[in-house]
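S.K.: Residues per chain are reported as follows:
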Amino acid sequence: MTAAEAAATTREEIWATVAAGTRSTLVDSPPGAGKSTLVREIGRRAHRRTQVPIVVQTNDQADDMIRGFIADQRRGAAPVRAGRLHAGDYVPPVDLRAQQGLAFSKSITDLHDSNVIVATAAKWATIGFDRTWPFAIVDEAYQMRSDALLPIGVMMESLLSVGDPGQLAPFTTADDTRFRGRPLSPMETAAATILTTQPATARLALPISWRLPSHAANLISDAFYEIPFTAGTQPQQRRLRCGVTPLHRGRTADAVNSATRHGWAYLELDDLPMPQTDPDAVGAIVDVVKELVDADITVEDEYGTRGLQPSEIAVGVTHRDQRDHVRTALQNIRTRTGVPVDQVVVDTANVLQGREFEIVVVWHPLSGRRDASQFHLDAGRLCVLLSRHRQACIVVSRGGICDQLAGHAPTEPVWLGETTPVLDGWHAHLTVLDHLMRNAV
Amino acid sequence: MNALHTHQALLAAAERRAVAKTTRRHVHLSPRPLVLVGYHLAGDLGAPLALMWGTSRDEEPHCTVVPEPRNRSLRFEALAGFAAEFLAYLSDFESRDEAGVCLDAPQLVVPNAATADWLGGIVGRFTRNLRADGDSSAPPSVPLAGKYLSFFADLMPGSSLVLAATDALTTHWQTGQLPSEDLNLAALLGWIDPPAGMYAPQAARAGEASPPAGPESDPNWDAETLAELIQEWHAADDEASRSAIRRELAGEIREQLTPAWADCWRALDRLDSLPAADHVTSRWQSDRRSWTGHCDRVAEGRAYFRNIPTPVQDATRLRILEARTEDLQREMAWDDPLVMAAVVASGEALAGRVVRTDAQRRTQNGNGRMVRRPLITIEPALEFARPAGTTLFLSTNPGVKLEVLPSDGSGLIRAEVLRGANQNTTIGLLPNLGDEVVLSPYGKPEFYQRPKVEYIPWTHQQILEDEPEESQ
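Protein sequences, first through last, are from chains A and B.
My numbering puts the first sequence at residues 164 to 604.
My numbering puts the second sequence at residues -1 to 470.
Where hints are given, some of them may not hold.
[Stated by the list, open to error] Straight-line C-alpha distance at most 25 Å; calculated BS3-like pairs for lysine-lysine:
id : chain 1 : residue 1 : chain 2 : residue 2
1  : B       : K450      : A       : K269
2  : B       : K399      : B       : K442
3  : A       : K269      : B       : K145
4  : B       : K399      : A       : K269
[Said to hold, decoys possible] To give a feel for the contact side, a few chain B residues facing chain A, derived at Cβ under 7 Å:
id : residue
5  : D312
6  : L316
7  : I318
8  : E320
9  : T323
10 : A379
11 : A383
12 : R384
13 : P385
14 : A386
15 : F445
16 : P449
17 : P455
18 : T457
19 : H458
20 : Q459
[Stated by the list, open to error] Chain A is nowhere near these chain B residues, computed Cβ spacing over 10 Å in every case:
id : residue
21 : T20
22 : S134
23 : A297
24 : V353
25 : P404
26 : S405
27 : I425
28 : R448
29 : Q460
Don't read these hints as lab results, they were simulated from the structure.
Backbone N, C-alpha and C define an ideal beta-carbon position, used for all residues, glycine too.
The shape of chain A in the complex, shown without the other chains (with noise of 0.2 Å):
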């Protein structure tokens, strides 16, 4: 059986569970497993017999599904009618505006045609009980709080809900010890919450990532994952070649030579403490973005090949003060050479949750960090970080990391009656430090 047969069957099994009218489906879904293929298709059949309400954590996520419905159509797929609700401030993205077929709604009485709704679960919230539908799906279920599922629970009868389980767990600004260790706790994930009150869940498991390379695939299912995974394309499929050869040499230009040539780069700076928007950070990584864009990549794969664009080169970060200095510095690099790096998307972990790349420059999580604190070693915040890329991964580092892992036992407390994570964080670093240390520049 082919990857490709091998995820079909995996989908009919899906729809067949649902269709079988089971109360609580949950599919667990590697990276780029074809998740949103997943939901939307599911959308699509579902819709003949009922209004299919999708639930999406963001606003980006929502437009994402909304462009993933109109693309499907162009390729063949049967026309539906998709229903954006939305919150009375937002602004439809350019693109979508004057789509056919497509509409746009802060109310929920206008969309009554819609045969999909795609809102944020934060809209859903909003508007009022009064109505239910008896089946809808919610995308990314692990990234979902407890707490944003309950109003989901009062209108929909039955739920398909979609997730990836290495994703970063969903977090509070507020103090939550009182909510810690708490049966049905509100931090904890949608896809815990309907585990523990449906233990008749039915299970399913995406077996494919489209997404990552296979040399990327292996390590990221052995370090982050309990239920493994391949990756759906060949070595030879993907590929990257250098337009231009660099005239200088350097670490920068090795770093980008050994991400085309095997897909994982490691570039690690001296060993120093430094603040969280470190300087000699933020300018490595600058320079590699810099180099990434000059060098005229040719991307190759399953699709064809073309040239890379700088947006579909990312940055992951872990704090939003190190993405503000990195995209201010592009800026900067803008304004003064006129080379378009500041269209190089820059974020945080948490918002490219679900996004997707060809290159994917990682500022690692405890780089130059005196100390591993469990939210820097949290394992779902460098799995984000490492899998978003469908061809190639720079990290750039402080050195010292493994030190810091060594040096520093867990301070987090214990919190009673809580589950412990399947993934050990301590593991996950250190399995992805050794494979990143034979890749170093």
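Could you slot chain B onto chain A? The hints should help.
M.R.: Frame of chain A, contents of chain B only:
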């Protein structure tokens, strides 16, 4: 840690004195607080050993002791003594204004957060549901006081109904010692309020030598004094010798707790030396309202506290908690230039002088319409490395929302007004040429009306296997 706070900590260590983190006071101070200190038996949070309280520093504080903390009737007897006076203090705050809100609310002052957690979380929790009838009953005042203590355990950020002295002081001052060392009230006061002629570290060391402020007692004192007195209590065979031992124990306990009691008042004095910040009143008003709500529930016999809240209650609580946490941060920064300075130091806010303004500027918006977008150009006082597109709000007028424009390489920051100062009626709010301004990330909070989840939906109903059959 914030860059400014790191600087202040280093400065404090170098100059051997505490450094102010605020220019104003961000907690409400009641004219008549109830200062409360206490110990429990080592290793047994549920066994209070002694409580000491009072509403005036000039009076001898009241004190109650349990000669054998493991004996339940002795425990309830001692707690009844406290409960009667605690309830009498609270009854002074019953009078209401015409809107039905209590005119003032009580304020408990304790030495540290551990004492607050112990009194509200543990003592409140185990007394609030005690039965006043039947076997091993407690006096009715004890469960009632437990309901009030439980109310004081369940407070939001920014509330001043309970002040933990160490928390309140570290909000306002930075010491040169470790945060864990700041948990000792006497040592902390050594830094903030050292005796004349003594450097802070020296005064802090002297403070560390005084008896602990509770709720844990000094293990040496436990071994040398307490254990012996408890043994004597058990050995005593008549009432007269028992009361003698009780008096002796009370005397010993007073000696242990009086320093912490006095330190609480010292902490209040230090806080009182700062002028109140603007938003303290509105936060206290919200405290008064929640106090009123609790009094109503007690009066109607509805003052229930769930040990395990329902998912709906938890979700509501978390939402309010998140909003209040942000509100407090925002209000403190608006009220206090030194708090805002820390936000500037972190790079989130922009401080600088206005070097150019263009109040008439018009530009095309996303829909292609010409709209008024006044522009101000700022010479930043500290490097500001946020990218174009960052939205900021005028700190003196958070209704004015601006967006940072792409840098022109001159080092000046250009920001256009998106709302709040782009109409003829509001243009006066635009800063003038030469003004020193701060643009912060703190805008006016937004309120969303949300329908209430009335019942627990199927997704959150846990079916427990050992649940008894439904009774007929």
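S.K.: Decide, hint by hint, whether the structure agrees.
M.R.: Against the structure, the hints:
1. K450/B <-> K269/A: 19 Å, holds
2. K399/B <-> K442/B: 10 Å, holds
3. K269/A <-> K145/B: It is violated: about 44 Å lies between the C-alpha atoms, which goes past 25 Å.
4. K399/B <-> K269/A: Judged against 25 Å, a Cα distance of about 24 Å means the pair holds.
5. D312: With a closest approach of 5 Å, the D312/B hint holds.
6. L316: 5 Å, holds
7. I318: With a minimum Cβ separation of about 9 Å from chain A (threshold 7 Å), the hint on I318/B is violated.
8. E320: Holds. Min distance 5 Å.
9. T323: 4 Å, holds
10. A379: At about 17 Å, which exceeds the 7 Å cut-off, the nearest Cβ of chain A leaves the hint on A379/B violated.
11. A383: 5 Å, holds
12. R384: OK, holds: R384/B within 7 Å of chain A, min 5 Å.
13. P385: 4 Å, holds
14. A386: Cβ of A386/B sits 6 Å from chain A, so the hint holds.
15. F445: 12 Å, violated
16. P449: 5 Å, holds
17. P455: 3 Å, holds
18. T457: 3 Å, holds
19. H458: OK, holds: H458/B within 7 Å of chain A, min 6 Å.
20. Q459: Holds, about 6 Å.
21. T20: 20 Å, holds
22. S134: 28 Å, holds
23. A297: 27 Å, holds
24. V353: The assertion about V353/B holds, with a minimum of 20 Å to chain A.
25. P404: 6 Å, violated
26. S405: 6 Å, violated
27. I425: 23 Å, holds
28. R448: For R448/B, whose nearest Cβ neighbour in chain A is about 6 Å away, the distance does not exceed 10 Å, so it is violated.
29. Q460: 5 Å, violated
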